[in-house]
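Enquirer: Spelled out from the first residue to the last, the chains are:
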Amino acid sequence: METAALLKELAESPGPSGYEEGIRSVVRARCAPFAQEVRVDALGSCIAYLPANDPAAPAAARPSLMLTAHMDEIALMVTQVEKGFLRVTQVGGFDPRVLFGQPVIVHGTRPVPGLVVSVPPHFTDPSEREKPVPLEKLFVDLGLAPSEVESLVRVGDLVTLRPRYTELAGGYAACKSLDDRAGIASLLLCLQELSRRTREWDVYVVAMVQEEVGARGAVAAAFGVAPAAAVAVDATFGSQPGLSSFESMKMDGGPAIAQGPNFHPRLFDRLLESAKAIECPHQVEIMPAESGTDAWAIQVSRGGVPCSLVSIPVRFMHTPVETVCLRDVERTARLLAELAARLPREFADSLEVRDALATGRP
Amino acid sequence: MPSQPDAPELLRRLCEAHGISGREEAVRAILLEAIRDRVDACRIDSMGNLIAFKKGTGASRLRVLAAAHMDEVGLVITGAEDSGTLRFAKVGGIDDRVLPARMVLIGARRVPGVIGIKPVHLLERGERDRVPEARQLSIDVGASSRAEAERLAPRGETAMFASEFLTSAGESAGAGVVQAKALDDRVGCAILVGLLAERFEFDFVAAFTVQEEVGLRGARVAAWAEKPDAALVLECTGANEVPSKRDVSPSTRLGHGPALTVRDPSFVADPRLVEAFSRAGSESGIPYQVKQPTIGGTDAGSIHRVREGVPSLTIAVPARYIHSPVSMMDLSDFHHTAALAREGLTRLPGALGERGAGT
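Quick mapping for you: the protein sequence lines, in order, are chains A and B.
1 is the number of the first residue of the first sequence in the working numbering; add one for each residue after it.
1 is the number of the first residue of the second sequence in the working numbering; add one for each residue after it.
It is worth saying that the hints were derived from the structure and are not from the lab.
Glycine included, each C-beta is placed from N, C-alpha and C at the ideal position.
Please note that the accuracy of each hint is not assured.
Computed spacing ranges between beta-carbons, pair by pair [unchecked claim]:
(1) B/Gly156 with A/Gly93: 37 to 45 Å
(2) B/Pro243 with A/Lys276: 54 to 62 Å
(3) A/Ala289 with B/Leu123: 17 to 25 Å
Isolated chain A, as found in the complex (with noise of 0.2 Å):
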């Protein structure tokens, strides 16, 4: 799979939180050569199986993993239609200030290209110019006769931005929903990658669902897939302008390994033996607390997941124009391919947590 055209189709999908068919037959396909078994659960989650293959490992009692990123996007919901224009509300979270005069589709009876507008400057009073449209002010307009718009479009239609993927210089592409469409484009150069190696371990990859109004796929699919280890990828803060080194990621510095209470010490450390063992750029994250990301609802299904974080740091997220390095999704594909393939079966063993067993104490 060639990442830049991966990435495209994958980012160009549509996949409101909830509403994911769009992008879950494009991750469906893409999968399908390289998995055993690919199934999608309850909620929607689409959940690839790639079994163990190494001779000597016995078929029983096989530890397994869990990578997951997450498939659905922010988008906008239709709330009323008035006059032939759309009111609407959040599905996930955009900053509204990035919406306006932004070109959308709205999923009618058909998808229509439309825009979000409000009252334009030259009807306003300067004292409004000076302050961000609000949500409540906003419109989505189709430029189309109110009689039709209201046979196209009905209150809970889903509106997506209009995806335009570019290619920008020194490896660089920007659309929108590359939180965490990037995520999954390297779950799947990972999962092509392990299907030519060997493993002692079980994989799942699992391109989850409405992760930007809480984890929820996460909850059902950790559930289900019950791995005995988790690591989700997710996207985090690249530097951009107006943003400290301290709150943001480097671009192009490889992917950031999370580390906090939501994750696990000893599976952290092998992340970064695995990146170091080829030797690619990567770079700590620290999350004091919630991480924000399907990890944060995995580390506490059943008794516990081992968790871990691996992340793509993305510019301007939450926005149409989110960017990415195209190198550092390539790089966590190759590192959670490397983790995946060289776990021994007694790694598992060793992630339960024995210090008050080793003190002595009772």
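Chain A is already provided as a structure; the job is to place chain B on it using the hints.
Expert: Quick look at chain B alone, frame taken from chain A:
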């Protein structure tokens, strides 16, 4: 009635072309190719106006100018930061609120870039309530150093919005809706190309003007040189129909035909021309509307004051969201504006007499 076979394909090419005020050459090249075979003479003046001449049948001694501007609003690169991001300034009137999270194309090489904004997650108190000003924003082209950025986008290069030209067909009636950048005033340019297929009674001068968006500057020198007896400006004007609690009656409406400007802050239209074009609309069954006389300004603002004065009129295709990255129009208005321009011009000799304002 002769049709306009080269619209909207010509319109699409014109809208997609890069033509920020002062850098209209790409638009001019398309127009020159489009008109070359249908005019008697054409020239490009020192400012860059493209001026075409079409001799009349001789039945009228009038010399009539029709103008449409080639330039569009956009951005200009003012320099690069050490980090490789580019600073920019606005060319023409653009609302700061539409700048964040935009894709742009820089220069003739069309180097793609994005105007970034801080992620919503990391906003500090109060930031959410402020509009980022153009001078605080920067363009990311993927460069990681000042040198690389300057190579891709030197200072002074202009940048246009990277907007798709989209058409969506209406199911009921109408010719459909166009969403595109620079409808202001590539619609006027496309209509003017169509008019050059006609041969009027009078000598006809078509001026595709430069620098309208930075002060109606090209039209002024074009009109001075051509000494017209009357002028028609073909424009694209704002329509506002967004629902609002306060009743702001729309300036113009989509689908209601060309907008006749009776007056705007830049000029007062010649009543004889208003009358001639209104009558042309009524008698030929072409719908038209009168624009609310409070906002805007067109090349007519320059042309009517040239030399001893030129009786002028502006008719415009109404479009929503002009001066933003994407504007929207009804194709029926485009065709009706072209038809009204043709019908109105045909009636001009009768309306003005033999020597325009002087008689």
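Enquirer: Confirm or reject the claim that B/Pro243 and A/Lys276 have a C-beta distance inside 54 to 62 Å.
Expert: Between B/Pro243 and A/Lys276, where Cβ atoms are some 59 Å apart, the hint holds.
Enquirer: Mind checking the hinted window 37 to 45 Å against the Cβ distance between B/Gly156 and A/Gly93?
Expert: 38 Å, holds
Enquirer: Could one say that the CB atoms of A/Ala289 and B/Leu123 fall in the range 17 to 25 Å?
Expert: Between A/Ala289 and B/Leu123, where Cβ atoms are some 19 Å apart, the hint holds.
The structure shown violates none of the earlier numbered hints.
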